[in-house]
Amino acid sequence: EAQVTQNPRYLITVTGKKLTVTCSQNMNHEYMSWYRQDPGLGLRQIYYSMNVEVTDKGDVPEGYKVSRKEKRNFPLILESPSPNQTSLYFCASSLLGLAGGEIYEQYFGPGTRLTVT
Amino acid sequence: AQTVTQSQPEMSVQEAETVTLSCTYDTSESDYYLFWYKQPPSRQMILVIRQEAYKQQNATENRFSVNFQKAAKSFSLKISDSQLGDAAMYFCAYKNSGAGSYQLTFGKGTKLSVIP
Numbered sequence: 001e002a003q004v005t006q007n008p009r010y011l012i013t014v015t016g017k018k019l020t021v022t023c024s025q026n027m028n029h030e031y032m033s034w035y036r037q038d039p040g041l042g043l044r045q046i047y048y049s050m051n052v053e054v055t056d057k058g059d060v061p062e063g064y065k066v067s068r069k070e071k072r073n074f075p076l077i078l079e080s081p082s083p084n085q086t087s088l089y090f091c092a093s094s095l096l097g098l099a100g101g102e103i104y105e106q107y108f109g110p111g112t113r114l115t116v117t
Numbered sequence: 001a002q003t004v005t006q007s008q009p010e011m012s013v014q015e016a017e018t019v020t021l022s023c024t025y026d027t028s029e030s031d032y033y034l035f036w037y038k039q040p041p042s043r044q045m046i047l048v049i050r051q052e053a054y055k056q057q058n059a060t061e062n063r064f065s066v067n068f069q070k071a072a073k074s075f076s077l078k079i080s081d082s083q084l085g086d087a088a089m090y091f092c093a094y095k096n097s098g099a100g101s102y103q104l105t106f107g108k109g110t111k112l113s114v115i116p
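Protein chains in written order, with this note's numbering: chain F, 1 to 117; chain P, 1 to 116.
With a straight-line Cα cutoff of 20 Å, these simulated DMTMM-like cross-link-like pairs (lysine to aspartate or glutamate) come out:
| no. | chain 1 | residue 1 | chain 2 | residue 2 |
| --- | --- | --- | --- | --- |
| 1 | P | Lys78 | P | Glu61 |
| 2 | P | Lys95 | P | Glu52 |
| 3 | P | Lys95 | F | Asp56 |
| 4 | F | Lys57 | F | Asp38 |
| 5 | P | Lys55 | P | Asp26 |
| 6 | P | Lys55 | F | Glu105 |
| 7 | F | Lys71 | F | Asp56 |
| 8 | P | Lys95 | F | Glu105 |
| 9 | F | Lys71 | F | Glu1 |
| 10 | P | Lys108 | F | Asp38 |
| 11 | P | Lys108 | P | Asp86 |
| 12 | P | Lys95 | F | Asp59 |
| 13 | F | Lys57 | F | Glu70 |
| 14 | P | Lys78 | P | Glu15 |
| 15 | P | Lys108 | F | Asp59 |
| 16 | P | Lys111 | P | Glu15 |
| 17 | F | Lys71 | F | Glu53 |
| 18 | P | Lys95 | F | Glu30 |
| 19 | P | Lys111 | F | Asp38 |
Label pairs and their computed distance ranges (CB to CB):
| no. | chain 1 | residue 1 | chain 2 | residue 2 | range |
| --- | --- | --- | --- | --- | --- |
| 20 | P | Gln57 | F | Ser67 | 37 to 47 Å |
| 21 | P | Ser42 | F | Glu105 | 14 to 24 Å |
| 22 | P | Thr3 | F | Thr86 | 22 to 32 Å |
| 23 | P | Glu15 | F | Thr13 | 37 to 47 Å |
| 24 | F | Ile12 | P | Gln57 | 47 to 57 Å |
| 25 | F | Ser67 | P | Ser7 | 35 to 45 Å |
| 26 | P | Ser80 | F | Thr117 | 38 to 48 Å |
| 27 | P | Ser80 | F | Glu1 | 29 to 39 Å |
| 28 | F | Asn26 | P | Asp26 | 33 to 43 Å |
| 29 | P | Ser28 | F | Pro61 | 18 to 28 Å |
| 30 | F | Ser67 | P | Asp81 | 40 to 50 Å |
Going by beta-carbon spacing under 10 Å, a handful of chain P positions derived as facing chain F:
| no. | residue |
| --- | --- |
| 31 | Gln6 |
| 32 | Pro9 |
| 33 | Phe35 |
| 34 | Ser42 |
| 35 | Arg43 |
| 36 | Arg50 |
| 37 | Met89 |
| 38 | Cys92 |
Bear in mind the hints are in silico, worked out from the structure with no lab data behind them.
All residues carry an ideal CB built from backbone N, CA and C; glycine is no exception.
Start from the sequences, fold in the hints, and give me the full structure.
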């Protein structure tokens, strides 16, 4: 089954304790992305990746890191989490068009609810 | 930077009736993509419909259709024959086309309730 998986689905942690949220897709998609969703703010893009070893900042990258060492995986790293990073996080993936720049349908993971106390 | 505005935080519709969700966007680009995503209580994000800006014809998917007004930078979603399963958050999203344009910008969402 074609899918995007995220782990963990729920996480409660404390300020400053490094954490990683994993994201994996089995569709051989070039494009992967992380979003955070907050009430009243919709989804905001954190980072995205166009292919292995190619990443770029979205609208709200501060406090986050990503890596893309393998095509299927795109982990989100919070080196020193803070309470303002409490949010619902989504990973998504998509094929890229041959001409570049075109994203086909994005497949979203189930979301990770993160609470930082 | 592009912005996407959904001016209706919440809406409601009677079952079997028609509802229109509004979305406006700001861009200086001439070619781009627009999307509507649905997020039911399960939190899963589901693509509802997609529109390429170079296409004049409005996209349709079964009971879902859009009214794309390029000059007005408006992209509304019409849901016909509303069903209880349509109750969800709906997000409008924008993306530039062209090589090197990979960022997707979402609106803040509209919460749709369906009244039996």
